[in-house]
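**Q** Could you put the whole structure together from the sequences, leaning on the hints where they help?
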Amino acid sequence: MTGPRGNSTGGASDASPAILFDNVSRTFTTAGRRAAVPAIRDLSFTVEPATFVALLGPSGCGKTTILRIVDGLLQGDTGRVEVFGAPPKPGPDIGFVFQNFRLIPWANVQDNVEFGLKSMPLTRAERRERADHHLELVGLSTFRHAYPGELSGGMKQRVALARALATEPGILLMDEPFASIDAHTRELMQIELMRIWTVRRPVVLFVTHSVDEAIILADRIMLLSPRPARVIESFDVELERPRWTYDARAEPRYVELRSYLSDRMRELVVSDPASEFFGRDLVPPRGR
Amino acid sequence: MMIGVYRIGFLALLMVLWVVAADQFGRNIVPTPLATFEAAQRLIAEGRLQSAFRASLTVYLSGYALAVICAIPLGVLMGGFRVLGKTLEVYVFALSATPRVAFIPLIIVILGLGADAKIFIIFLGTLLPILINTYSGVMAVDEELVEMARSAGASQRRIFLSIVLPNAAPFVVTGMRLGAAIGLINTVVAELYTAVSGLGGLLAIYGNSFRMAEYFVVVICLAIIGVVVTEALRHVEARLVRWRGAT
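Chains as they are written, first to last, in the working numbering: chain F, 1 to 288; chain X, 1 to 247.
Hint data in this document are derived by calculation from the structure and do not stem from the laboratory. Don't take each hint at face value.
[What the hints assert, rightly or not] Beyond 10 angstroms from chain F on every Cβ pair, some chain X residues (computed):
no., residue
1, 41
2, 72
3, 185
4, 243
[To be verified] List time: in silico DSBU-like cross-link candidates among lysine-lysine, alpha-carbon distance up to 35 angstroms:
no., chain 1, residue 1, chain 2, residue 2
5, F, 118, F, 89
6, F, 118, X, 86
7, F, 89, X, 86
All C-beta atoms in this analysis are idealised placements derived from N, C-alpha and C, irrespective of residue type, glycine included.
**A** As structure tokens, then:
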């Protein structure tokens, strides 16, 4: 299943992190509002190569901004950002999977998957071969001539995943990719993602507000505060991989982590003055 | 399937109404279908219908082609360069709100009564719907798709060619379809107001001399041109948004 392809996380030595954020801040001035809204403030973290990181936080806490900065689509106002030791630049070495798929509606599945490959020095045949390989990986080979409008939500997201994976990026950014997919399909997609991830291990930054999704997928969970986003706590998830071969949710470690994170998430929301749930008594008493 | 039957049924109803109207108003005002058919045969035998048809079609298609050639690049430029678009759009909208037949006396003074003037009148009517639709098509680009393309490392040029333009294409064809309908109106108007010629000319001649059967033949000819052109463009439009079908 691995194939002859090498691991393209390369370039960086083992000592340097894949992603480095050093005191990064970013504010937005929205039309209509006088004051600038800070999305992230003094954010610092590092991500080691071949690590699956979940960015867990309440909705609208600036998580997407973090991904866009890592991709080089957006610059921080202050601070230093490095991806494999250099300032980030959008391109084939960073894949982005968006929550709303963002497939080109007038292009068929094959052309959508080849989209990112066209930024690489590949021949038509090589592009085709890579697209085929990744369509097979997500199980959509038979749909290569279909248009996005003909696919279900889960299938669309698999096409978007194949598109992001096809360039064999060193970093894969995923912005709540399964949030708009029904619960049953979501679970299958999570297993699918874990299976694909074991083939080639790019760094993954996976944004989610689902505690379960973070625990089941990630090596490390970074818990983020509401706007402006800061890393409040960081956990290693010590559950054995592959996690789809046993019932990880029944593990004591899982149950413990889940209960802790859920409480922390709720605390964050009720103590956030900008939240509609601010000050409400929704957190169970600790230590009973 | 059934709709085709209903449509033929409605056509039969129209024919009946036509016969009734011919009977009620008198045959000198509304000719019977048969008289109209005979007039058509006569006009074709004389060759007058063909030459008028050719003359009208020539000025119509010339003016229309000229408008397409000018309007699409200009619309793309206005949409692509926001400053240019913002600068020009007020004037484009103002011109589009002006009844352009008002310019006909001026056009006659400058270009005379010949084919140039006719082509320009058609051009002026057709230009704006194509221009405005192209412009809004380029601006209606999905910013999220553009961000996706940027993230994939696509150059500005490639984003324009692979995202912006394909997105604008159905808008352009809609503009062309609206333009084609207005262009045909302006063809008749031009032929009535400048040197009398073509199908518009025949309308004037037969209308003024109460040869209503011949007059009806010309009206039907114009309807056929309009239907053929706009249906062809509607077909192109449908093909361009084929992918939308299943959504």
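**Q** Honestly, which of those hints from before does the structure not fit?
**A** Result: hint 4 breaks, nothing else.
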